[in-house]
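Residue strings, one per chain:
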Amino acid sequence: MAPLNEFGVSQALELLHTGKVSSLELTQDCLSQIEKYEGELHAFITLTPEKALHSARIADEQLSGLRRERQPIPSLLGLPIAVKDVLCLQDVRCTCGSRILENFIAPYSGTGVQKLLDAGVVPLGKTNTDEFAMGSSTENSAYGPTHNPWDLTRVPGGSSGGSAAAVAAHLVPVALGTDTGGSVRQPASFCGVTGIKPTYGRVSRYGLIAYGSSLDSLGCLAHTAEDAEILFHLMAGYDEMDSTTIDRPVPDKVCVKGGDLKGLKIGIPSQYFIKGIQPSVENAVRLAITEMERLGAIISEVSLPHTEYALPVYYLIAPAEASANLARYDGVRFGLRLPSKDLLEMFTKSRGQGFGAEVKRRIMLGTYALSTGYYDAYYGQAQKVRTLIKRDFEEVFQSVDAIAAPVAPTTAFKLGEHRDNPLAMYLEDVFTLPANLAGVPAIAFPVGFDEIQLPIGIQLMAAPFREDILFRMAHVYQQSTDWHKRKPPILN
Amino acid sequence: MSLTPEEVDHIALLARLELTAAEKELYREQLSSILDHVALLQKLETSHIPPTSSVLPPHSRLREDEIKTGLSKDQALRNAPDENRGQFRVPPVLDR
Chain G
1 MAPLNEFGVS QALELLHTGK VSSLELTQDC LSQIEKYEGE LHAFITLTPE
51 KALHSARIAD EQLSGLRRER QPIPSLLGLP IAVKDVLCLQ DVRCTCGSRI
101 LENFIAPYSG TGVQKLLDAG VVPLGKTNTD EFAMGSSTEN SAYGPTHNPW
151 DLTRVPGGSS GGSAAAVAAH LVPVALGTDT GGSVRQPASF CGVTGIKPTY
201 GRVSRYGLIA YGSSLDSLGC LAHTAEDAEI LFHLMAGYDE MDSTTIDRPV
251 PDKVCVKGGD LKGLKIGIPS QYFIKGIQPS VENAVRLAIT EMERLGAIIS
301 EVSLPHTEYA LPVYYLIAPA EASANLARYD GVRFGLRLPS KDLLEMFTKS
351 RGQGFGAEVK RRIMLGTYAL STGYYDAYYG QAQKVRTLIK RDFEEVFQSV
401 DAIAAPVAPT TAFKLGEHRD NPLAMYLEDV FTLPANLAGV PAIAFPVGFD
451 EIQLPIGIQL MAAPFREDIL FRMAHVYQQS TDWHKRKPPI LN
Chain F
1 MSLTPEEVDH IALLARLELT AAEKELYREQ LSSILDHVAL LQKLETSHIP
51 PTSSVLPPHS RLREDEIKTG LSKDQALRNA PDENRGQFRV PPVLDR
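Protein chains in written order, with the working numbering: chain G, 1 to 492; chain F, 1 to 96.
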């Protein structure tokens, strides 16, 4: 049998629930893989091995008791997971990759995390992230960058780069991530794993420390669509703690049924195949679309004419929302407080020294866009153009079931490559931002490798609440290909 | 467009951020170049387009007004930088 940490979610659950392996064995194998590779990867900000081993032992007692009494077993009982460090997990520190929350202990677990805890997961730790999820490389973490397991000199993508690297390097079978402008999909693509960004309103944001509240979503990164769907399915649904969740039934899981893509219509937007995209990326994405056609899908050209405006719209709306959300870090009730003579100085010093460069840049930008005299020209105009972007999607989903596009214009770039040019870094998000602005679900999964063996991902987007289409398409594709089974060379 | 140093000072004060001179100059340049990029939006005629502040369809769902337990005082104070007799303590707001 392969080392236990190499099993995906569904295989691991099968072994756990039939008693072939224990949660303790599985957890120990994950922890020893972490011990082996964490020094090179730095995927975690906080590790909680003692808590994990304790939870695993409790899970094993429950498993044997339930099996003996032939009682139903909670669906994820004994499964190790990792949690992005912007999600509150009770009694564990939650830093958001920031010095300002270096000593913040989460007083409660967020709804998504709690639902998984109720299903029996064993959290191993909190994964690295760009500070407050602002970034596309995980280099903006105050705790140092994560390295890409496929090439340690390169970034894992971001902001859920720690989760992507942890799954890619088999440190853990599955990890939670958040996606405000591509922060699940782009690292999934850079690290060769599968990542789901649900519809806005599908999964509760309670306990997800806010960045851009009209854009934030909670998803996960796994080896397969089937595995990602298992966690999505548990986390989805109305939550009275988040008034932006929608009370709609969550469809049954589709990945168990296998099948084909017969009759599914896939639209290819010309605006996502632009000059400047890395040729090997375009090539792999087009080959994957051809494979989906062979599996029964019907391919057509579509147009999303306002795509080029997504970047400027996002980089006004997200910083504007961030500047408001991050006003809470004032040193009064939690977080860093620096000694000061009066209240104003306490605010400005604690925030000036507690936040990193990118967070301050976005707060400044957002504050400017919301300030008197500029509100209409910047924030107001961005909200109107957001309407046009959303309408583009509504129009296209009248005629197709899904849209296929690259996740990012390039494969993983070098650490430090965009250090001095924030705008170049923002351009990495050009294909992922529109889904957040329109609120539609999207999935990213591996479809090939470039000339230097770096993973390439494809992105599929569907109409709101049609995650089932995305899981079905990715699952069918993964049953006929093996890109998602490749392992980073450092593991050999 | 190019922001002036005075504008940067003003934004930093609104945002309650103490910045070094080097940071102010860096952000002055970088925000100016980002604002140049977002000026692309000004090209679009949007006078008849409603703004989107949320992608959700209009909905409101109210719950029953029931008393439930929240965080205890000790839990709420656990992360307090400074506390006194069960309250958050801050530097003086008013001169004595």
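Everything labelled a hint here was simulated from the structure, so no lab data went into it. Worth double-checking, as some hints may not be accurate.
[Stated by the list, open to error] List time: in silico SDA-like cross-link candidates among lysine to any residue, alpha-carbon distance up to 25 angstroms:
#1 Lys-24(F) - Glu-240(G)
#2 Lys-51(G) - Arg-78(F)
#3 Lys-115(G) - Ala-2(G)
#4 Lys-253(G) - Lys-265(G)
#5 Lys-68(F) - Glu-240(G)
[Unchecked claim] Partial chain F-side listing against chain G, Cβ under 7 angstroms, derived:
#6 Ile-11
#7 Tyr-27
#8 Leu-41
#9 Thr-46
#10 Ile-49
#11 Pro-50
#12 Val-55
#13 Leu-62
#14 Leu-94
[Claimed, not checked] Covered stretches of chain G (chain F as the covering partner; in silico rule of three or more C-beta atoms under 8 angstroms from a C-beta of chain F):
#15 102-110
#16 113-120
#17 159-173
#18 223-236
#19 328-342
#20 363-374
Since the structure is predicted, the reported quantities are computational estimates derived from the model, not experimental observations. Yeah, the Cβ is synthetic: ideal placement off N, Cα and C, and Gly gets one too.
Taking the hints in turn, this is what the structure says about them:
no.	hint	verdict
1	Lys-24(F) - Glu-240(G)	43 angstroms, violated
2	Lys-51(G) - Arg-78(F)	20 angstroms, holds
3	Lys-115(G) - Ala-2(G)	30 angstroms, violated
4	Lys-253(G) - Lys-265(G)	20 angstroms, holds
5	Lys-68(F) - Glu-240(G)	13 angstroms, holds
6	Ile-11	5 angstroms, holds
7	Tyr-27	5 angstroms, holds
8	Leu-41	5 angstroms, holds
9	Thr-46	4 angstroms, holds
10	Ile-49	4 angstroms, holds
11	Pro-50	6 angstroms, holds
12	Val-55	3 angstroms, holds
13	Leu-62	9 angstroms, violated
14	Leu-94	10 angstroms, violated
15	102-110	holds (count 5)
16	113-120	violated (count 0)
17	159-173	violated (count 0)
18	223-236	violated (count 0)
19	328-342	holds (count 11)
20	363-374	holds (count 6)
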